[in-house]
Structures are given as C-alpha cells and as structure tokens.
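Use these hints to put chain B with the ligands onto chain A, whose structure you have.
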Amino acid sequence: MAEVLVLVDHLEGAVRKPTLELLTLARRLGDPVAVHLGPGAESAAATLGEHGATRVLAADAPEFADYLVAPKVDALQAAVEAVSPAVVLVSSSPEGKEIAARLALRTESGLLTDAVDIAAGDEGPVVSQSVFAAAYTTTSRVTQGTPVITVKPNAVTPEPAQAAGTVEELSVSFGPLATGTQVVSRTPRESTGRPELTEAAIVVSGGRGVNGAENFALIEALADSLGGAVGASRAAVDAGWYPHSHQVGQTGKTVSPQLYVAAGISGAIQHRAGMQTSKTIVAINKDSDAPIFELVDYGIVGDLFDVVPALTEQVNTRKG
Amino acid sequence: MSLKIVVCVKYVPDATGDRGFTEDLTTDRESEGLLSELDEYAVEQALRIAEDADDAEVTVVTAGPEDANDALRKALSMGADKAVHIEDEDIVGSDVFATSLVLAKAVEHVGYDLVVCGMASTDGAMGVLPALLAERLQVPQVTLLSEVSVAEGKVTGRRDGDAATERLQAALPAVVSVTDQSGEARYPSFKGIMAAKKKPVESLDLEDLDIETEQVGPEGSRTKVESATPRPARTAGEVVTDEGDGAEKLAAFLAERKFV
Ligand SMILES: Cc1cc2nc3c(=O)[nH]c(=O)nc-3n(C[C@H](O)[C@H](O)[C@H](O)COP(=O)(O)OP(=O)(O)OC[C@H]3O[C@@H](n4cnc5c(N)ncnc54)[C@H](O)[C@@H]3O)c2cc1C
Ligand SMILES: Nc1ncnc2c1ncn2[C@@H]1O[C@H](COP(=O)(O)O)[C@@H](O)[C@H]1O
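As given, the protein sequences belong to chains A and B, one line each in that order.
Residue numbering for the first sequence follows our numbering, beginning at 1 and increasing consecutively.
Residue numbering for the second sequence follows our numbering, beginning at 1 and increasing consecutively.
Possibly wrong hints are sitting among the right ones.
[As the list claims (entries may be wrong)] Derived DSSO-like pairs: lysine-lysine, alpha-carbon spacing no greater than 30 Å straight-line:
| # | chain 1 | residue 1 | chain 2 | residue 2 |
| --- | --- | --- | --- | --- |
| 1 | A | 279 | B | 249 |
| 2 | B | 197 | B | 82 |
| 3 | A | 286 | B | 258 |
| 4 | B | 197 | A | 319 |
| 5 | A | 319 | A | 286 |
| 6 | B | 82 | A | 17 |
| 7 | B | 249 | A | 286 |
[Claimed, not checked] Coverage of chain B stretches by chain A, computed from C-beta distances (three or more under 8 Å per stretch; other residues unrestricted):
| # | stretch |
| --- | --- |
| 8 | 135 to 141 |
| 9 | 150 to 163 |
| 10 | 222 to 231 |
Hints listed in this document are in silico derivations from the structure and should not be mistaken for laboratory results.
Keep in mind it's a predicted model, so treat the numbers as computed, not measured.
Just so it is clear, CB atoms sit at the ideal spot from N, CA and C, and this is done for glycine as well.
The shape of chain B in the complex, shown without the other chains:
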C-alpha cells in the first residue's frame, strides 16, 4: 500500500535582508528569496516518514512566483520525488484564506494520505495555514508537532503546548505541521542536487484548479492593511563598559525606572 505525502513549502524573502512593503502595502517580494527554513523541517519529516514506509511518494507543492521554483528544487534535492508549482498572476496579494484554498485544491489534485506543513512562514508567520488546510479538506489537524510518526494508517505526534505536552493521534488522511524542534533538516547531497534536475515539476494555474480569480488575490481577501509605519528606531540607550561598577550602574538605572 503506498503512502502519498504532500509537503507544502513556501518561498520567502531572506529574513536576514531588509524587509518592507510595496506601494500597495503588500509584502515586497523583490528581494532574493529561498525555501523557508521552517519548511525544511517539514520536508525532512516527510522524507523520514517516507523512508519508514514500505512504499511512499513525496510531492512538494508551492504557490508562489516563478522564483519559487528554487524552493521546489531545494526540496527535490533533499529527496522529494516530484513537485507542483502553482503560479498565477491573480494569486498575488492573496490572504491566508485564499492561499489555503489554492493549496487545498492543489493537494486534492495531487492526491494525499498525509499533508505536511511547516509551523509558520518565516515572512507572514501567522502559523494558521495548516489548520485552515485541515478545515478545507475536512480532515484532522495534527499541528505544531515536535515529534511525528506514521504507522498502521495513523499519524501520532507530540505537541508541546502552552500549558501541557500532548500526545496526539489521528487516522489518515490528515494535515500535520512540524516545529523546528522536530529534527535537523538534511543537506542536499551532490547526488541529490544532480538527481533533482531530472525530477518532474508540474505547473498549475487557477484554471487547472477550478478556482475563480475573484476567490483569490486582493479581491478574495477579507482584510485590508490601511497603514504601515516603520517602527521608530529605538533611541540609542546608554551602553557602558563594566569596570567593576556595571552592576551598580544597572541597578541604579532599574531603580530610576521603578523596576526595583
């Protein structure tokens, strides 16, 4: 019995670079991007689950601009079998509801037993897409896992919540998301990079997925950004070198601010 795994990966602007907004208050995506580091953990867990299964296939899916192909190549070179790239001008400016619709349709198009997501995008970082995907697909959500495994048609995992650590279990098909505590992602090997070049990447647009243009993009969005203000640079505070009196000075500062 074969296990079909779909991993949702996002192409994001490099977090170490300057990020900002375009004139129409959407995220500026002009700068150089890469596979979201948090989605590398998703690819890693998908590959480990596939390796433990008798027969499994890992498909990586992204919705994003032409350059998002780089994110797919990276995932393929890590070891995913094939990729799907949803690219359509009308998707630009979509909110999380529209994005979840596009990804839900794409995942159904590919066919799946298990969908694996990262815990959050490193740019948008709402961290709710996996829950929305589960709601749209009408399957269990098993999210924010620091440990995950699949056996006998069930997915099991550990969720380190605010107040407690929970062991979770759900029957497949299901949507999971994994945290950066789930295990270091592998580096693509030279062989992997070469093999990735020959792996199939399917291109889809909205029409292929039966999605109307008004369901996505700014038109399909349910919120509007009205203003974006750079946070005033913190006024440079005082930095002093400790010459044996550092603690005393710091204590005086804390007292002045009424913390002591």
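Just chain A, same shape as in the assembly:
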C-alpha cells in the first residue's frame, strides 16, 4: 500500500492534537508514516503508533530550533526522497503552511492549503476547502507531483488505530539556506490551563462589547464552566483587552469548534472568516441588527453583563 507522510507537530515530543487528525485522514489514503523533527521522538512514537503510524522517521538536530522553517524543509524533503510517498500532510499552522509550500516548490508538486476534508479519489486525493470567508466550499486536486496538503485543525475527530510506530533514523543534510534565519530568542507562551484555541471543542469569544480588560474575566468564567478556550475579536485585541494570540478571524486564528459563543461581537466579515465553519454558533449582543445573528443557531438580544454571568451560573448548576 502507498505510504502517506505526516509531519508531526509537537512540543518536545508531546504530540499536538492536529497531528492525530492528520494520521486519521492519512489512513484514508494509505499507510501513515510520521516525520518527527527535534527531540522527543521516542516518547512521541507511542502516541503516533496508537493513531496508525507504521513508522516514525526521526531526526534531531539543533538547527530545527535555532533557525526558522528552512531546516525542516530540508528534513521533510529528505523524508520524501527516502519514502516516495503518495501524499504529504502537514498541519495548517503558519509554520506548517510555509514548510509545505517550500517543499512543494522543491519537489515540483502541487500544494493545497487549509483543507477541511480529504477523500481518496481515482486520480489522487480530493481536497475540500472553505473559501471566501467560508461562503464557498470547493473541491480540488493536485495535478502535478506528490500532493502536499495542509489541513486545518478539527477537520476530523482523531481515531485510534494501533500500528507499529517503529522509530527509524532519518538522515538529513542541511542546505545553505537552512541557517539563513536565526532564532535569536524564544519566549514560550504561558499556558493558560485552558484548551488550545484552534483545537478546542468549545470557544467563547468576547468583543468590543466586553468593554475593558478586567471584564474579560466574565468571558473566561463562561469558558471555564464549559471547558472551552477563550477567543477575542480584533477590536478587543486592538484595545489591549486580550492578547493577540487569542484573536479569531482573518488575521488571527481560524477556529472550527463544536460550539462557538460570541459575546459583544458584531460579526464583521473578517471575524466571520475565522469562525464561520463552527458547528453550532451562539451569540449574545444587545443590538438585534448585529450581523452575527445571521449566523447563529441560537441568539440572545441582551446585555452581555446580564446574560454571560447568569449563563455561567446556569451551566455550573446544571453540571451539579
């Protein structure tokens, strides 16, 4: 059976959820082979194997952390040369997309980014994408080379499927571009203890209506009662009320949770671009004409300062 390369997204060997989704999709197309770059391959291998990775090609070198993007392109290219896969799958993070694009250019292959679904087809994988602020769903195919596809988080539910997950060393020789962009320093983002925004099943977002950094505690409390992540509109981020890393929308993160709660957000097209594919959408806004209400499954026209705390209480009570 054909092999499908999956680039592993991990923090020191702790595999991130989108990678398990990639492995699940990869199994539709062939036998998944994971590519693990940096430290922690041995500990990652167990998880990768449980989700269907037959092999784990591992390479560890300081270059992966000390320089931007290019070393990983060299390594993934080496893996492509070693395996001759049918397809290469990468997570649709900013870095993932950049790696995928450069790999595709080098291997003279077609690239499809931000897939929301992949199906096997007679002429190679058929890739669904959501375009124009999710106004259209397209299907596309790669017509040249080895298809390189980046997939959005939450495209599928990860399903376990035991495979060997045998670790094999991948030998990589770095090209002259690898050390071009030095990472002089790196400050890891502090953990909030909440789920990762792009991976969360539930996201509660606040906008300009929240009216102040201190009031975001209301949004956080609702998110915590539901076990969700906290998001923000650009207006809230620009006002300095919440960190940019939580911005949802065209120039922030794209989320596709089971439930999206928008409080005090009008629903501008740039915000919708980042949340419109959410399964269930709920909004609280005091303006009944706010465009966000065009999207909702359930909407409350009301003051978030009344509704949000009361809802948090209701949720906590129902949980008992």
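Showing chain B with the ligands alone in chain A's frame:
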C-alpha cells in the same frame, strides 16, 4: 550605501463586496478592487525602514490586471519612490507557484536588499507567497513579523508564533512579511497624492522577465478546482430577546445540544 527595498503589493477585490467564481472556477475579479489592506502594512514598514536608513529607495511591485495600477498609485501616494507593474494576459489564472516565479523575476529585475510582503492576500489568503519568494531567490525568509527593523546589513524582527514569540535575525538580502500588528499604515497626504502622479511606473510583461507562457497561468498551475459550491445558508436559528430569562433559555439550548 543605499538600501534597495522592494514591496510586493496585490490588487484585490473589495472584501466587503460579494465574492465568487467565474465560469472557469477562477476568482471573479470583475468587481471593484483596491490595494490589499494587509499590504498597506508592508508599504508602511518599508517606508519606516527607508526613513531610518541613510539612503534608501522603495519600489512597489504588483502582478495583476490593468486596474492593479490603482494599488501602485496608492502605495506611491503613501511615499514609495517608484513602481513596477507586471501585466500579461497569460498570467491570469496563475497559482501561487507561478505568481512567486513572476514576482521573483521582477524583484531580481529591480534589484533588492530587502523584499517586504504582506502577511497574506485578503482574497487568496494562503499566506505562503513570501516563503516561496525566499525559496526562489535563495535568501532567508523572515516572515510574519509584528515588529521589524534593519541595521548594519541585518534585518531583525519579532514573530508571534503558535507556541512562542521568537526574535529573528537574518543578513540581507532577505524576504520579510509583516502582520497587521506591525503598526498602522499612514494615510496618503494631499501632497503625496499629487507627487505620486509624477512618479515612474515601469510596465513589464512575461517576455521582459524571460518567463515562458507555459510556466504561468492555468498551464503552469499544479492544482485544479473541480467544484465550487456556495455554502448552504445557515438555517436561521432562534433569536430571542432577553427578558431576564435569556441565560436560562440559552442554557437549555446548550443542554439540548449536549454541551452541558
Ligand atoms: C484586513 C483586516 C483584517 C481584520 N482581521 C480581523 C480578525 O482577524 N478578527 C476580527 O475579529 N476582526 C478583524 N478585523 C476587524 C473587523 O473588521 C471588525 O472591526 C471587528 O471584528 C469588530 O470587532 P467587534 O465585533 O468586537 O466590535 P464591534 O464591531 O464594535 O461590535 C461590538 C458589538 O458588541 C455589541 N455590544 C456592545 N456592548 C454590549 C453589551 N453590553 N452586551 C452585548 N453586546 C454588546 C454591539 O452591539 C456590537 O454589535 C479585520 C479588519 C481588517 C480591515
Ligand atoms: N499578484 C501579486 N502581486 C504582488 N504581490 C503579491 C501578489 N500576490 C501576493 N503578493 C504578496 O504576497 C503576500 C502574501 O500573499 P498570499 O500568499 O497570496 O496570501 C501579499 O501580502 C503580497 O505582499
């Protein structure tokens, strides 16, 4: 020593209008367009870097239809020195690989120490063109910067990544892209608008750039759109006015959907 900066700017359909596809499944570009708002940030950072340098020249480059000239004029009126417009019927329908080839050749034609791009097109929004440009030009990629500066032949910047914030550094020549966190773009002044009218705009076609027609357009593309379906309008949900019982109703809805 003079610093040559090239800014890649794209002319895009207005995002607030309706967007769609033509019959051959390429983006419909009939509607009124403008300079991509995300590329205004690129022009802004290029101008700031130029102002801090002893001697610098900012050239804006676009690949696009005749109307894309409007995007160049806007950038010139903000303060760029000159412009290059690559216009060729055969470029229509190009994918990101073909576009990156055209822009790489154009940037080399102009000559550069630093190429500045926006973080993504507001229409296509793949956000990978700057990385591809760096790969094609064989220079460092210093992308998605929320802060950027140039000194002593090096470009330095801050990249707010998924898991960490990174400080990056690379020797020139290099390709950078800047985010909408990098600093508000200036408005063209009346003087700027008047001055822009006299600034040179060079027109280039594929032949000028030594590019064969089969390398671009649909022929040079490596992917094919097979179908485009408008997303079914979300069935209008229930919207109720809070009369003190809003939270309760909402909680009941969430419970019904098994979120609580
Ligand atoms: C190139 C570009 C990229 C952009 N990228 C993004 C992006 O990634 N993400 C993003 O979000 N935006 C983005 N924007 C900005 C976007 O256009 C909107 O300006 C922004 O989304 C508005 O945020 P908001 O809904 O919080 O604020 P507003 O539009 O001001 O809406 C606030 C809402 O809160 C309601 N409200 C106020 N008080 C209360 C209350 N007490 N109770 C209940 N409701 C209340 C109001 O009725 C109103 O509907 C971008 C814009 C551009 C040009
Ligand atoms: N046709 C074009 N002409 C000039 N610059 C472009 C063009 N397309 C993309 N760019 C540049 O590349 C950046 C990222 O584009 P994209 O990868 O299409 O999202 C944009 O912000 C522009 O700086």
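Against the structure, the hints:
1. Using a Cα cut-off of 30 Å, the hinted pair residue 279/A and residue 249/B holds, with the two alpha carbons roughly 19 Å apart.
2. The suggested pairing of residue 197/B with residue 82/B holds, with an alpha-carbon distance near 11 Å, which does not exceed 30 Å.
3. Proximity of residue 286/A to residue 258/B is assessed by CA-CA distance (about 26 Å); at most 30 Å being required, the pair is judged to hold.
4. Taken as a hint, the residue 197/B and residue 319/A pair is broken in the structure, with Cα atoms around 66 Å apart against an allowance of 30 Å.
5. Of the supplied pair hints, the one linking residue 319/A and residue 286/A holds, its CA atoms being roughly 27 Å apart against a limit of 30 Å.
6. For the given pair, residue 82/B sits about 47 Å from residue 17/A by alpha-carbon distance, which is inconsistent with the 30 Å threshold.
7. Of the supplied pair hints, the one linking residue 249/B and residue 286/A holds, its CA atoms being roughly 16 Å apart against a limit of 30 Å.
8. With a cut-off of 8 Å between beta carbons, the stretch 135 to 141 of chain B has 6 residues touching chain A; three or more are needed, and the interface restraint holds.
9. Evaluation of the coverage hint for the stretch 150 to 163 of chain B: fulfilled, as 6 residues show C-beta separations to chain A shorter than 8 Å, against a requirement of three.
10. Here's how the stretch 222 to 231 of chain B fares: 10 of its residues keep a CB closer than 8 Å to some CB of chain A, so the rule of at least three is met and the hint holds.
Taken one by one, the earlier hints fail for this structure at numbers 4 and 6, listed in ascending order.
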